[in-house]
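Novice: For the protein sequence lines, the chains are A and B, in the order given.
In terms of the UniProt record's numbering, the first sequence opens at residue 1 and continues consecutively.
In terms of the UniProt record's numbering, the second sequence opens at residue 1 and continues consecutively.
Hints are supplied without guarantee of correctness; some may be wrong.
[To be verified] Listed next, the in silico DSS-like pairs over lysine-lysine satisfying Cα-Cα at most 30 Å (straight line):
1. B:Lys71 x A:Lys60
2. B:Lys125 x B:Lys198
3. A:Lys328 x B:Lys125
4. B:Lys262 x A:Lys85
5. B:Lys337 x A:Lys85
6. A:Lys134 x B:Lys337
7. B:Lys565 x A:Lys134
8. A:Lys85 x B:Lys198
9. B:Lys206 x A:Lys85
10. A:Lys85 x B:Lys256
11. A:Lys60 x A:Lys180
12. B:Lys454 x A:Lys158
13. B:Lys191 x A:Lys60
14. B:Lys256 x A:Lys134
15. A:Lys60 x B:Lys206
16. A:Lys328 x B:Lys312
17. B:Lys191 x A:Lys85
18. A:Lys264 x A:Lys93
19. A:Lys93 x B:Lys206
20. B:Lys125 x A:Lys134
21. A:Lys85 x B:Lys255
22. A:Lys328 x B:Lys71
23. B:Lys262 x A:Lys93
Quick caveat, the hints were computed from the structure, so don't treat them as lab data.
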Amino acid sequence: MSGHFLLLKKSNNFSIFQDQAEQFFRSGHTNNWAVLVCTSRFWFNYRHVANTLSVYRSVKRLGIPDSHIVLMLADDMACNPRNPKPATVFSHKNMELNVYGDDVEVDYRSYEVTVENFLRVLTGRIPPSTPRSKRLLSDDRSNILIYMTGHGGNGFLKFQDSEEITNVELADAFEQMWQKRRYNELLFIIDTCQGASMYERFYSPNIMALASSQVGEDSLSHQPDLGIGVHLMDRYTFYVLEFLEEIHPASQTNMNDLFQVCPKSLCVSTPGHRTDLFQRDPQNVLITDFFGSVRKVEITTETVSLDNDLAGFESNLPKDELATEPLKYAEQLPVAQIIHQKPKQKDWHPPGGFILGLWALIIMVFFKTYGIKHMKHIF
Amino acid sequence: MAAAAAALLLLLAAAGPGRAVPGRARRDALREELLLSPLPNGDVAAAFQFRTRWDADLPRGAVSHYRLFPKALGRLVAALGVQELHLALTQGFWRTRTWGQPPLQAPAGAELWVWFQPTVTDVDKAWKELSNILSGIFCASLNFIDSTNTVTPTASFKPLGLANGTDHHLLRYAVLPREVVCTENLTPWKKLLPCGSKAGLAVLLKAERLFHSSYHSQAVHIRPICRDASCLAVSWELRQTLTVVFDTFSSGQGKKDWSLFKMFSRTLTDACPLASQSKVYVDISPKNKEKELLEVTPAPASVYEAIVQGEKRTYAVYDLLSPSLFNTSRSLNVQLKWKRPKNHLAQPATPVSSPLARYVSGYGLQTGEISTLIYNTHPYRAFPVILLETVPWYLRLYVHTLTIITKGKENKPSYIHYQPAQDRRRPHLLEMLIQLPANSVTKITIQFERALLKWTEYTPDPNHGFYVSSSVLSALVPSVIAMKAVDVEQSPLFTSLFPSSDGSSYFVRLYTEPLLVNLPTPDFSMPYNVICLTCTVVAVCYGSFYNLLTRTFHVEEPSRGGLAKRLANIIRKFRGVPPL
Numbered sequence: 001m002s003g004h005f006l007l008l009k010k011s012n013n014f015s016i017f018q019d020q021a022e023q024f025f026r027s028g029h030t031n032n033w034a035v036l037v038c039t040s041r042f043w044f045n046y047r048h049v050a051n052t053l054s055v056y057r058s059v060k061r062l063g064i065p066d067s068h069i070v071l072m073l074a075d076d077m078a079c080n081p082r083n084p085k086p087a088t089v090f091s092h093k094n095m096e097l098n099v100y101g102d103d104v105e106v107d108y109r110s111y112e113v114t115v116e117n118f119l120r121v122l123t124g125r126i127p128p129s130t131p132r133s134k135r136l137l138s139d140d141r142s143n144i145l146i147y148m149t150g151h152g153g154n155g156f157l158k159f160q161d162s163e164e165i166t167n168v169e170l171a172d173a174f175e176q177m178w179q180k181r182r183y184n185e186l187l188f189i190i191d192t193c194q195g196a197s198m199y200e201r202f203y204s205p206n207i208m209a210l211a212s213s214q215v216g217e218d219s220l221s222h223q224p225d226l227g228i229g230v231h232l233m234d235r236y237t238f239y240v241l242e243f244l245e246e247i248h249p250a251s252q253t254n255m256n257d258l259f260q261v262c263p264k265s266l267c268v269s270t271p272g273h274r275t276d277l278f279q280r281d282p283q284n285v286l287i288t289d290f291f292g293s294v295r296k297v298e299i300t301t302e303t304v305s306l307d308n309d310l311a312g313f314e315s316n317l318p319k320d321e322l323a324t325e326p327l328k329y330a331e332q333l334p335v336a337q338i339i340h341q342k343p344k345q346k347d348w349h350p351p352g353g354f355i356l357g358l359w360a361l362i363i364m365v366f367f368k369t370y371g372i373k374h375m376k377h378i379f
Numbered sequence: 001m002a003a004a005a006a007a008l009l010l011l012l013a014a015a016g017p018g019r020a021v022p023g024r025a026r027r028d029a030l031r032e033e034l035l036l037s038p039l040p041n042g043d044v045a046a047a048f049q050f051r052t053r054w055d056a057d058l059p060r061g062a063v064s065h066y067r068l069f070p071k072a073l074g075r076l077v078a079a080l081g082v083q084e085l086h087l088a089l090t091q092g093f094w095r096t097r098t099w100g101q102p103p104l105q106a107p108a109g110a111e112l113w114v115w116f117q118p119t120v121t122d123v124d125k126a127w128k129e130l131s132n133i134l135s136g137i138f139c140a141s142l143n144f145i146d147s148t149n150t151v152t153p154t155a156s157f158k159p160l161g162l163a164n165g166t167d168h169h170l171l172r173y174a175v176l177p178r179e180v181v182c183t184e185n186l187t188p189w190k191k192l193l194p195c196g197s198k199a200g201l202a203v204l205l206k207a208e209r210l211f212h213s214s215y216h217s218q219a220v221h222i223r224p225i226c227r228d229a230s231c232l233a234v235s236w237e238l239r240q241t242l243t244v245v246f247d248t249f250s251s252g253q254g255k256k257d258w259s260l261f262k263m264f265s266r267t268l269t270d271a272c273p274l275a276s277q278s279k280v281y282v283d284i285s286p287k288n289k290e291k292e293l294l295e296v297t298p299a300p301a302s303v304y305e306a307i308v309q310g311e312k313r314t315y316a317v318y319d320l321l322s323p324s325l326f327n328t329s330r331s332l333n334v335q336l337k338w339k340r341p342k343n344h345l346a347q348p349a350t351p352v353s354s355p356l357a358r359y360v361s362g363y364g365l366q367t368g369e370i371s372t373l374i375y376n377t378h379p380y381r382a383f384p385v386i387l388l389e390t391v392p393w394y395l396r397l398y399v400h401t402l403t404i405i406t407k408g409k410e411n412k413p414s415y416i417h418y419q420p421a422q423d424r425r426r427p428h429l430l431e432m433l434i435q436l437p438a439n440s441v442t443k444i445t446i447q448f449e450r451a452l453l454k455w456t457e458y459t460p461d462p463n464h465g466f467y468v469s470s471s472v473l474s475a476l477v478p479s480v481i482a483m484k485a486v487d488v489e490q491s492p493l494f495t496s497l498f499p500s501s502d503g504s505s506y507f508v509r510l511y512t513e514p515l516l517v518n519l520p521t522p523d524f525s526m527p528y529n530v531i532c533l534t535c536t537v538v539a540v541c542y543g544s545f546y547n548l549l550t551r552t553f554h555v556e557e558p559s560r561g562g563l564a565k566r567l568a569n570i571i572r573k574f575r576g577v578p579p580l
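Pulled out of the complex, with its shape left as it was, chain B reads as follows (with noise of 0.2 Å):
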């Protein structure tokens, strides 16, 4: 029966792309697409992106039949009143300074914030529940956020959907930084999508090819939308991110050309008969320092421009629904030359500032200082950003020696909010909004003590080192070009993640690296010492000091022997032999 559903479903893709489903309107609809952008070292970054649209009223639990969006999590948007979810699994560090601006970032290891609706009474409570089945769902291990690893912020991590008002004591948010991303975590995400990861653009999603790489992100973001532009009715969205960057060229595996077969293994062969929209778009935006002209193959059907992140960007786009795309072959590879001689390319790539940075300095096991650098290389334009840093209770923050340094002179911030942790109950929050003037460099520095823990407290591979969380920069950057608000259902997934409100700026929301601190450990196999000590200093020392003062000696009369040896002295002296 799987078959024939399967059956009707291809026959109704196969009616054309203007066909009337007979009946009734669908209340969801699925697009997918996949952004190839290349990198300005020569690696390549690839972004998917599917988004579920279901135009139904999920909170009110009305809704009993799930069918592009999965029953999974609509049960738990439903069950425990979930505003907004955004979960990411990261593996990797996207490197700015070689790779340019990111898309869309996301710290290392596990990242989880929530929105809840007003009407959730505990809030700790569901945030509990929801990273418990949320643990279950991906087989990562949410289960550790607690209250030691969750903070509210105050200003930061506005709702990215439609929202009532923002009381913060409904946001929770948590990072796990040492959490590794790998198939296991791949393959529940990949059974969210409607259609597995069986045809359309999943198809590329192969875990030999996508874990072998610098950088991996996935995500998942659930979130209340306008359903039409006059936003009287709500749609939920759910998408699913897939960020990638392949790095055959800079660590030297392979050459610049690229290609979907190279680097997924894979080539696309049809869409996802259950997408609305399937299409695939390759940056071909001429980079500006550089001679080399791109060439992408096979020819793409349409151009799209776009300003993206301040910045006029050019794409080729093939529509993987439009039938003429598979008439000359079954499959599509799309493939990248680059046109220049072969001795240009050592070059190395011009770098681009990084815009953030972070460092633990210091030395010993006692204190140290944490430092974060904000480079603003605007030439003339100021703008305010917003500096949220959680810090584990074992480094005790002193607040005291918080320093803010621009061009020389102290900078203070506008908002300052400090929440001092608690031992064992709560870490520290501490957020700020500081106006970075044009062309500057701003280092914030704050100096703390290391913390000694209890020995059962300690991980089973304390020499690793303790993580402490990536620090976010939220900004609003003014962009070079003015942004015309564009429509969001038209314009590419890429574009419309955070909801913009003029065209002079752009939101942006940047992390820094997360830092290792090694807390002073003690000697673990020290109580299997101790104890083999003291019981050797016991019983020889103490054993023999015993023995010597309470031992005393009797002298033992010669035993007569037993019945064998006297029958055996009567025989021998009846003999005349001496007796034994």
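One chain only, chain A, in its complex shape (with noise of 0.2 Å):
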């Protein structure tokens, strides 16, 4: 009888740990990736630096490491000669959170943050020598955030004051990027005047998209610091960052509650977003599915010992050459060697066939007028 007992209570525990581990691989993702993109350059626009970087702080925090980030900035405020605490770029009045921290990695900088490089870097086109920390080196079972900030309109983002991305090209990235399974889930979150215009056209499933304002408001900034003397947050990232700072890798806190950030009393505008792309419910999206990152975690009992001795393998190198006189350095300022340094000589080329006609047509001018008995003057 008591047997019988301790059988079902041991299929109870492991139908528990059967749902535990099926919710742990519900979403369906292996890796995170993060694409935070600063699209404004000059000093008055220190708010979306700010924004970039308090996203890009609490991403790293939860646990994406750098080389899962591409961090584009477009202009660099923490060492702006405007800027009266050098690198330093803070987010609350008072100067009290330096989101920019001691830490940090920045990919793409100043004027190389352009469209073209914005959309090679979403859909993998990228030249062979790009190095590794500005690839978007993402999977099929990869969830990816994108966040953008920056100067926009009803259907446009602005690069720098100098190019626009249109919300057609987006789209279309985000379609490239499907149809080359680049991505599992992807988040993307816009904070500028007008957001909810830059979603409108998407058409690839599994897109979440968040916006600051609806079509026809303006994004407002949040404070401005006296010291500084600029504004420092946009309020829609501001309200984000606080609400993130709540969170921690182990949150069960899902995507409803980011959206009921900022409301209109807050923010001014009207935050917005779209899920009918999304196939999971957003009751079941847990934040840190997009702003954390899962690693695959295999526990095992067995010990593995170090070999701490690595005699045997260094010797198994081979031998320096020795040369056989000694060598020497290179004398820094040779004066007589440069001086009598040859020119590279040119290389002859036979006269072309202008020159040879030219001096024909001179030699028999001269002949037919002054007769060919000159001839034995000249040889």
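Dock chain to chain to rebuild the complex, using the hints, since each chain is given by itself in its own frame.
Specialist: Written out as structure tokens, the structure reads:
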């Protein structure tokens, strides 16, 4: 009887574990990437860089490593000569929170942030010599967070005051990503004026989009700092940052809470979202599915002993070849050698047809004029 | 397991300096050093040098176990056939007039010069790959280095390491004057250090303090050096240098006394356990014109005298590996106090004459003139210098207007190499070997014309201007005091970057200011304006004319109305009321 009872309890435990395992794999992604773009240049657009760095900071804090983050900042605010506190970018008034930090890696900076580079990063059509840190090496099990901020309008986003990206181009880029299986699920957040127009044209599956304002509305900035002299953050991202500061890697908060962030009373504009292309219910989507990082951990109980002594390893290296005579350093300013450096001899080319023809004409005219008897004076 | 390895290393380090590692000798060694020099006008310069030396043959690619030498750079050298690599990222300009001679100067922005091995067949391709890889490692936009800003100098930039003949086709040099240096460049630089920024001298490298300075320059130098005195084998050396000038005094924010804590907001607690030598040098040489005395606390264990850049200098030495240093307190906070009455603090320092200056003159947006001034302040010795100028293609230099004037007379250079620019392909390169007479000023002027760029070639902020990178002056300056050759391994790192040939002169490489030139900039809103105006004109004028000419008027019968109206009219007729 007790044996049966034990068996029953064991199967109950087993089904609990099975549920937990299923829940662990429900979202279907195995790695996380983030592409964070700030598209504005010039000192008075400090707040856009602060927006992007706030999201960068949250995403790093929740576990996505630098190798999986592509950070694009169109201008440098931290070491800008107008910054009264160099190497800092603040998000709160009175300089409470330095979102720049001490451990930041910016992948695309300054003039490299262009529409072409952004689309190349998304679609993966990158020149072969691009380093790994500048590539989006996602696969079909990657959840990607794309955050864009800057100045925008109805259907476009301005890059660095010289070019724009339209919502149609963005939608096509996402479709290319879908067809190349470069994402599992994509979360697109945009904080610009009339931001909702940017996600109107998406047509690829598994995309969820959030914007800070509807078409016809402007996104407003939060608060200026009198010491720095510019506005520090935009309202929507400020409240998103406040919301994200409460999240830790094991949080169970879902997307519906993110949709409620910054109501019209705080934001003045109406944030919008779009979930019709997304297959799962936003209720079941965790914030950490996009902002945090999933690592597959396998726990093993066997011990692995490392060989402390690498003597055998290093003695297998080939012996260095010793030179027969001593090597020497080059002279830094060998005046005599420089002065007598022969200029590179230009290769002798035979004279071209025009020159030959010209000389033939001159000689014929000469001999026609003065007669052939002058030949002996020449030769 | 990382903790266990760290514990093992600490155990080895704690065993004392005379330890012998059981089994085999280590093939790599790390030396770290910090040099603090007070400058004539009250500022203080801090120069860090970290040198990793590895007794291995990198180019042959036979190594696969990297210990202290960073793998990223080791693989780079092996894969691309690099003989020497020098990369410097600098923010600010070294003001020689107020600060004196720089220990090691770098031009503003990013500077990269590389010597390739003779086995490399396509140097340009290797150069392009190298700049891309380095832009990924150091988070800098070095991928903008291409043929429009790369030159091949023929007389400057001889190799600083061992070299077997110098074929200048293996050398490439490029400068990006617009490059910004910030924390994102410091972070990967710190990660290349064996101890990171967790132990040793690198704990002082906090970005918030380092970038709040007048001059910040960080560099990476890789070169082959002699393994020992007989120089029959090659070792590879990686030097990481970082020079910072703190200007809290001259900008009025602090007193002239300074300490490590005031400068870096940190103090030193220990040496890097992987370092074989870890020292702090403080320059306490008496400045000749000042009567004030320097007091250094805590008292240094030893004093080192050397002849650096032709002058005799005295340094107080703190050895972080000696056990007696941390006996009294757990942290080392070097402090310097000036013993001088307060009212003398306002006296400005006598300016040192700057050996080099460069400026643009002219007016308007069509022509201009670049002038370079070189001063030779030595009272009786003349010496030759090499001046290298790289000018972008859109400033068209006219070499027939090149004039070099010394003491009122023309000075003909002993060697000129001029490579003219090709539009959108190659910049101008002008290299000259000029003899500078004693106690003279040499003025070099050349006129240029500004080109009109295509409207897609302008940067997003064209009204900022376009930069012309710094000129480079390489000189063998005769030194006042003869320097004796010292063993490289025993002398401090800051004396051994440039290999010295004899003691009578020292080699120095100086840079001028970068120039900012305005090009004729179009009004970028004009295409939009033109489209609006043209469409308005077309719509209003042409549309009106078209209507006027082709519109005809017809008389229209009033319609009988719909069904409802007809029924209503029938009812109204019955009622006797007029129809609708």
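Novice: Below or equal to 30 Å on CA atoms is what counts here, so check Lys60 of chain A against Lys180 of chain A.
Specialist: 27 Å, holds
Novice: Is Lys256 of chain B close enough to Lys134 of chain A, meaning Cα to Cα at most 30 Å?
Specialist: It is violated: about 45 Å lies between the C-alpha atoms, which goes past 30 Å.
Novice: Need the status of pair Lys337 of chain B, Lys85 of chain A: alpha-carbon distance at most 30 Å?
Specialist: 27 Å, holds
Novice: Run the distance test for Lys565 of chain B versus Lys134 of chain A: straight-line Cα separation, threshold 30 Å.
Specialist: At roughly 75 Å apart (the allowed maximum being 30 Å), Lys134 of chain A and Lys565 of chain B break the hint.
Novice: With a cut-off of 30 Å on the C-alpha distance, tell me whether Lys85 of chain A and Lys198 of chain B pass.
Specialist: Holds - the C-alpha atoms of Lys198 of chain B and Lys85 of chain A are around 24 Å apart, at most 30 Å.
Novice: For Lys328 of chain A and Lys125 of chain B, compute the direct alpha-carbon distance and say whether it is at most 30 Å.
Specialist: The given pair, whose Cα atoms are some 29 Å apart, holds under the 30 Å limit.
Novice: Tell me if the straight-line CA distance from Lys85 of chain A to Lys255 of chain B falls inside 30 Å.
Specialist: Holds, at roughly 20 Å.
Novice: Is Lys134 of chain A within 30 Å of Lys337 of chain B, Cα to Cα?
Specialist: Violated: Lys134 of chain A and Lys337 of chain B sit about 48 Å apart, past 30 Å.
Novice: Holds or violated: Lys60 of chain A and Lys206 of chain B, Cα atoms, limit 30 Å.
Specialist: 20 Å, holds
Novice: Given the proposed pairing of Lys264 of chain A with Lys93 of chain A, does the C-alpha separation stay at or below 30 Å?
Specialist: 22 Å, holds
Novice: Given the hinted pair Lys85 of chain A and Lys256 of chain B, is their Cα-Cα distance within 30 Å?
Specialist: 21 Å, holds
Novice: For the pair supplied as a hint, Lys262 of chain B and Lys93 of chain A, is the alpha-carbon distance within the 30 Å limit?
Specialist: 26 Å, holds
Hints 2, 6, 7, 14 from the list above are not met by this structure, while the remaining hints are.
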